[in-house]
Amino acid sequence: MQLTSNNKITNKPKKVANINTALAAATCALLGTTPMVQADEGAWEMDTALLYYGETDRVTAVEGVLSAKKDFGDEHIFSGKIVLDSLTGASATGAVAQPNAQTFTRPSGKGQYDIQADEIPLDDTFKDTRVQLEAQWTQPLWDDMRGSTGVHLSKEYDYLSISVNGSLAKDFYQKNTTVSAGLSLAYDTIDPEGGRPLAFSEMVIDQGQFANEQAYQAAFDATRQTDTDDKSTIDLMLGVTQIINRRMLMQFNYGFSTSDGYHTDPFKVLSVVNDQGLTQSLVHEDRPTERTRHSFYWQTKYALDSGVADISYRYATDDWEINSHTIDSRLRFNLTGNTYIQPHFRYYQQGAAEFYKPFLLEGTTLPTFASADYRLGEMTAYTVGLKYGMKMPSGNEWAFRLEYYQQDTKNPGFEAPGALQQLDLYPSVKAIIAQVSYSF
Amino acid sequence: MFKKARIILAFLLSTQLVGCANLGVQPWERDLLAKEEMALDADGNDLGLDDHIYFSKEATSGGRAFAGGGCGCN
Amino acid sequence: MRHLRLSILLIFISFAPLSLSFAQQMSAPDFVISNDQLPDNLSALKGQVVYLDFWASWCKPCRKSFPWMNQMQQKYVEQGLQIIAINLDTEKALAKAFLDKVPAQIPVIYDPQGKIASDYQLLGMPSSYVIDKKGNIRFSHKGFFTRSEPLYEQELVLLLNEQE
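Chains as they are written, first to last, in my numbering: chain B, 1 to 440; chain A, 1001 to 1074; chain V, 2001 to 2164.
Honestly, the hints are just simulated from the structure, not real lab data. Incorrect hints may appear among the rest.
As the list claims (entries may be wrong) - Below, computed lysine-lysine pairings styled on DSS-like, alpha-carbon distance capped at 27 Å: (1) B:K170 x A:K1035; (2) V:K2096 x V:K2115; (3) A:K1035 x V:K2046; (4) B:K70 x V:K2142; (5) B:K391 x V:K2092; (6) V:K2142 x B:K175.
Note that the structure is predicted; figures quoted are calculated from it, not measured.
With the sequences and hints as input, model every part of the structure.
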C-alpha cells in the first residue's frame, strides 16, 4: 500500500497538473448517545428539519431529517431517523494554487477541467446524494438499569456504512448519578467511480501525448485499483451523568475509537513542486490504515429562571497526532411562555496530522504517508448563530436557525519555495447554515 | 484559554469527587431538570446535523456520542 | 427480548413476598391532612387500606397512574380503600393545570415543601405506598408501570381482605 522511503519523486518534464474529483458526500454514522431518552407514552413524536449549508464558492448541501419516537409503554422506546442529503459544488483537491493555469483530470478518468492562475484548485464536479437510516430501541432492563440497541445505515453511491450499537445505563443515588457504557461497531465499504488511486501514483493528464484514447485509458488504469476497499471501526464510550443541584446537571464522557482499513480520500492529491514553487506533477495521497482516537467530553446544563445555559468542552487526541479543542455553547432565553431565542457559539481548534503536507518538494524522499487535505491541517473554526423557536397552541413547534461558520487554516510550519510565497496556500472557508424545524 | 478551561474542568471534577455526598436533589425536586429543554439530547436534530457538518469539515468527531464510521469525504 | 422481559418479571414476582415481609414492620409516618373529604391526619384512617401516591405535574409517568387510581377508588370504596394523591409541585397552580387535563376522582393534598415526601424517603417519582388497616406500610412502588397494574391491584385486594 505505501511506498518505501527509497522512492524518489522523479524529475519529469514540467507539465500542467490535472486532477478531477467527484467528491463523495460525507457518510456520517454518528451514533446514539447514552440511553436516556424520554417520550410521551402512546403517541408518535415527530421532529423534522430541513438544513441548508452553503460555502462561498464551494460546496452546497441540503439535508432533510425526519425523526420519530414512540413509547410503547413503560419506557420501552423506539426511535427512528431518516436523513436525506444532497451535495453539489466544488471542493478543495489538495493541490496548491499556481502562478499559471492548471489542468486536472477528473477522478473518473473521463474528462478534464481547468483552474485559472492564482486560484485554489477546486474540483467543480462534486455531486452526491446520501440516504441514512437509523433505528434504536431503549427499555428498562431491571431495577435502575436501561439498555439500548440500534442499527445505522448510510448509503451514497460509492460509499456504504453499516453499524450496530448497544449500551447500558445504571442509575445510582436516587437517579442523581447515571453511569453508562456503550459499544458501537461500524463497517464501511468504498468503491469510487474510476477506482481507487494507487498510493502516490501520478495523475495522468492527457495533453496530447497519447497516441489514442486506448493509450490514455491504459495509462490511467495503471494508476488504479478497481476492487472495493473497507474500513471497520470500534467505538467504546463510558459516561457519567451527575445531577449537581436543582438547576444543574453535568455529563462526562470518555470515548475510545479505533479504526482499521481504508482511511485515504481517493479524490485528494498533493502537488509536487520544484524549488521555484512550480508544480511538476500531482500525486494521489495516502493515509495510514489505522487510527486510534480518545475523546474527553464535558457538558453542563443549567436551568435559568427563563431559559437554559448549555456549555460543553471536548478534548480529542489521536495517533495521527491530531489534537483538538472544542467549546460549544447554547443559551436559551424564553421570550414568552411559548417563544424563545437561542444564541449559539462554537469554537474549534485542531493541530495538523503528522503526515499533513501542504505540498511535496521535488527530489526529496517520499514520506510513508502524506495528505494535503486541509481538514487534516492546522485550523481554527468558529460558528455563531441564532435560533428562534415558537410553540403553537396545538403544542407543535416551529424553529428557525441561522448560523455563520468560518474555518481559518494555518501553516503548521512549512517553508514555501519561490512562487508559492505569493499564493494563498491556507485559505479560509466561509459558510452559511440555515435550518427550519417542525415538531409535532 | 484552554489552560483555563482545563483548570476549570479539573476543579469541577475534584469538587465532583469530594462533594459526592452533597450533590444531587430529592426525587421531588426535579421540576426544573425535568423540562424538555434541560434534557441532554434536547434539540436532537440540531445536534445531529451539526455533528454531520463538523464531521465532514474537521478532523475530530464524536465525544458527545459515538464517532462511528463514514468517510467524511468532501 | 420478550423472554428476557418475561424472566425479569418472574424474578420480580418471586421477590415480591420478600419485600412484603421486609416492609411489614414499617409504620406509616403520620401527617396532617387538609382536605374536606378526609380526616385531619393519616392515623385517623386506621381500619382502612390507604394507597398514597406521590406525584408532580412535571413528571411524565405520573399521569399514567391517575386513570387507574380513579378506577380502583371506585371499585373498592365499599371495602374500605382510600387513595390519596400527594402533590409535590412547588407551585399549586401547576398542579391545578395538570388536574384540568388529567382529572382526579380521588382527594389531592399538597406538599409543596416535600415534608411528607421526606418522611417517606421517596426513591423516585412517582412513588406509592400501600398501608394496611393497622397503619403499616406493606408495599411500596417506585414508578408506575401499566403492565404491573394487575399486581398493584392484587396487593390492594390482599390488604382489604385482611382482618383489622
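Item to check | Given pair status - V:K2115, V:K2096, alpha carbons within 27 Å | outcome: holds (20 Å)
Next on the checklist: Please verify whether B:K391 and V:K2092 have alpha carbons no more than 27 Å apart.
Outcome noted: holds (24 Å)
Checklist entry - Within a Cα-Cα threshold of 27 Å, do B:K170 and A:K1035 meet the stated pairing? => result holds (21 Å)
Checklist entry - If you draw a straight line from the CA of B:K70 to the CA of V:K2142, is it 27 Å or shorter? => result holds (22 Å)
Checklist entry - Taking only the CA atoms, is the gap from V:K2142 to B:K175 under or equal to 27 Å? => result holds (12 Å)
Checklist entry - Are the Cα positions of A:K1035 and V:K2046 separated by 27 Å at most? => result Roughly 39 Å between the alpha carbons, so the hint for A:K1035 and V:K2046 is violated.
When the structure is compared with the earlier hints, a violation turns up for hint 3 alone.
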